[in-house]
Amino acid sequence: MMQPPFYINLIQISPMPRRLLKVVAVRFKWQNLRQIKKSGYKIVNGQLQTILFGPEIAAEGIFPLLDTLERDASISDMLHVAVSRQKSDDILSASNYEQAPNIGTYLDRLINTAVVNERLISSTLHEFLRDYFEVGKDPMVPMLYVDDNKVEVNSIGAMQDDRLVGEFTLEEAFYVRLLNGTFHSGSAEVEIKTDLVKEYLSEFVTDEMYEESFIVVIDKLNNKMNRTLISKDPLKFHVELDVSARVIEMNQRVDLDIPEALKIIEEQSELHLKEEAEKILKEAQEMNSDIFGFGQEYSTHVRDKRLTKEEWRELYPDMEVDITINLDIERFGIIH
Amino acid sequence: MKTPLQIPIDKKIKAVYLLLIIHTMQVGVGIAGLPRFIFAEAKQDSWISLLLAGIIIHIVVAIIIFVLRTYPNTDLLGVLSYCFGNIFGKILGMIFTFYFFLVFLSILLNYVEFVQVFIFPRMPSWFISLLLISLVFYAVYSGLRVAVGTCIVFYFATFWIALLLIEPITMIEFDHYFPIFHASPTEILEGARITTYSLLGFELLWLIYPFIQDQRKIGRYAQGAVAITILYGLYVVIVSIGYFSADQLEEKIWPLLTMFKILSLPMFERFDILAVALWMMVILPNLIMFAWMISYSCKRVCGFKQKHSLVAFLLVALIISSIVQKRENVNAFTTFIGEIGFGFGILFPLLILPFAIFHRWKGKKQS
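For the protein sequence lines, the chains are Z and F, in the order given. Just add 16 to the spot in the first sequence (first one is 1) and you have the numbering used here. Just add 303 to the spot in the second sequence (first one is 1) and you have the numbering used here.
Fair warning: there could be bad hints in the mix.
The calculated lysine-lysine pairs, modelled on BS3-like cross-linking and capped at a C-alpha distance of 27 Å, are [what the hints assert, rightly or not]:
1. Z/K325 - F/K555
2. Z/K214 - Z/K279
3. Z/K321 - F/K555
4. F/K555 - F/K317
5. Z/K298 - Z/K252
6. Z/K295 - Z/K209
Just so you know, the hints here were simulated from the structure itself, not pulled from any lab data.
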């Protein structure tokens with residue numbers, strides 16, 4: 017009787033695994049699986065869901081390793097490309113993977129739910145390669161980290177072509193998404209000086225509770241982005257963001273029914289979002305990784321010849337961007 | 304051969320069927336690679352090339368119908384012998400038959416390759432060909448009406464595949480279409496020329512014309528079929544340009560099939576496998592109609608019995624398809640068919656047009 021096939025749902029590529037030498041990894045085509053027969057099952061790769069790169073390989077460039085995945089028609093374009101912050105062996109030997117049958121399925125679920133909830137930007141094989149080939153756009157990948165024997169996603173990696181050049185925490189990733197265009201969910205924390213809304217504080221707030229500043233958490237954001245090229249020389253973009261949101265948490269009671277109070281909160285939040293977004297943009301420019309796709313936009317305005325990657329790498333770090341954010345707080349829960 | 308053909312009424316078909324037959328004949332293996340071919344030439348302006356090719360094909364179809372109407376109820380071989388005399392007409396007829404055979408072969412080889420790349424890497428070519436060829440034999444053996452009926456059934460069995468592109472459509476990047484009008488006129492023309500291979504198939508008109516019951520209506524249905532094909536092609540090309548980035552699109556051999564790779568349903572994880580299998584039903588009408596054309600023109604030119612020539616050439620096709628294996632050869636062959644197809648499909652009607660005009664003018668003078 018034929019044995020049921022055993023689906024590989026994860027492959028690991030790391031320069032320092034126990035069995036796989038780096039040279040082998042580069043010329044690899046499931047070699048570690050083909051060289052050694054380690055399973056009583058027939059092994060097929062149609063269900064591959066995640067490909068995990070160790071940090072050293074990611075820093076060197078992963079495109080050569082993706083060739084086999086792209087070439088092989090039996091591999092789905094929907095598999096996740098991920099990078100680990102530690103050795104990928106550590107990730108795979110984490111023993112706590114909730115109710116998933118194995119670590120591979122757990123990683124797939126971990127990334128999938130984060131993408132569906134818009135905590136991460138999806139980086140499937142197709143999307144990774146699309147951005148890699150695109151002139152003026154760089155891919156992003158989820159970064160996995162093992163803590164207390166459990167794998168978590170705690171940042172996103174910014175690539176320059178296929179090399180990992182930097183990372184943003186998940187909180188910063190929110191601003192990356194903000195500059196990247198439309199999304200429908202997310203949340204941000206904004207710190208506001210209490211003095212600004214002093215007169216609108218509700219009467220419950222006693223002097224002991226009074227603090228210099230307080231935190232507002234806004235959530236369920238909708239974002240509409242309008243990106244326009246203002247001038248080519250010097251290179252300057254204008255990004256206009258229309259964001260609508262609701263307040264879900266404030267650690268000082270401010271009477272939001274008063275339009276002026278709401279206005280101040282909106283203005284302060286806009287300011288905060290703008291500062292953060294500018295900071296993230298600066299960092300990405302320093303890494304010279306255009307994860308926002310400004311170059312893609314720029315290339316649609318270049319008529320005489322096609323923009324090349326090298327040209328854009330020269331232009332990108334000195335690009336100037338004006339950001340305007342219009343925040344609209346639509347709701348603030350069942351209390352005011 | 305000059306005598307008007309007498310086709311019994313029970314062998315004739317209604318003109319309305321042309322709407323689907325010509326459309327299914329034009330859509331086949333070609334469209335799977337079409338976005339890459341055009342994109343390599345005209346980049347993001349590919350859709351302009353395609354529209355241009357569409358206009359050209361509309362004109363060519365109009366010319367074919369004009370030529371056929373000039374002579375009394377005859378087909379390509381009758382037209383050839385009117386224009387070039389009996390002997391040359393026969394030779395040209397044989398060349399045409401051979402060309403149809405090459406097209407048939409290129410469709411077969413390309414589909415065999417789809418199956419081997421996507422689903423069964425180790426399945427021998429002859430086996431896949433045998434399965435297809437036996438179906439083709441079955442459909443054509445029983446005559447034109449059965450062949451046409453099969454095409455109609457397969458059309459309705461597969462037209463919904465186009466709707467599967469809804470998933471790639473949600474992932475379109477609009478920046479990919481700009482700047483518009485970037486390609487030079489030569490690039491656009493070259494793109495239009497390359498498109499023709501994917502849109503060949505309207506040559507069927509040359510042979511099926513005497514079999515049409517209401518010949519008055521032939522124009523509107525044939526043109527309608529071409530229009531549907533062009534819209535379909537535009538749809539596929541526009542989605543692929545938006546979905547892939549430029550260099551990525553150029554490295555995909557069959558962009559259309561690759562786009563199916565992101566489809567995944569809970570109970571059907573890998574929809575692309577099914578899509579390739581279903582593609583068989585898209586190409587079967589092509590194979591069936593070409594097989595009919597080949598066997599029928601063999602009968603007209605050489606007087607062989609249609610059934611005998613059908614068996615003979617299907618066997619030859621089977622043998623050839625089991626010999627040709629390499630991607631490189633299939634690719635070179637397909638490109639070659641594209642080149643000569645341009646001549647037979649597009650240039651030939653233009654060449655024959657003056658003869659028809661002359662014939663009409665002469666006829667008018669005599670009466």
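So, going through the hints one by one against the coordinates:
1. Z/K325 - F/K555: holds (21 Å)
2. Z/K214 - Z/K279: With a Cα-Cα distance of about 14 Å, the restraint between Z/K214 and Z/K279 holds, given a limit of 27 Å.
3. Z/K321 - F/K555: Distance ~24 Å between Z/K321 and F/K555 Cα, so the pair holds.
4. F/K555 - F/K317: violated (40 Å)
5. Z/K298 - Z/K252: At roughly 14 Å apart (the allowed maximum being 27 Å), Z/K252 and Z/K298 satisfy the hint.
6. Z/K295 - Z/K209: holds (20 Å)
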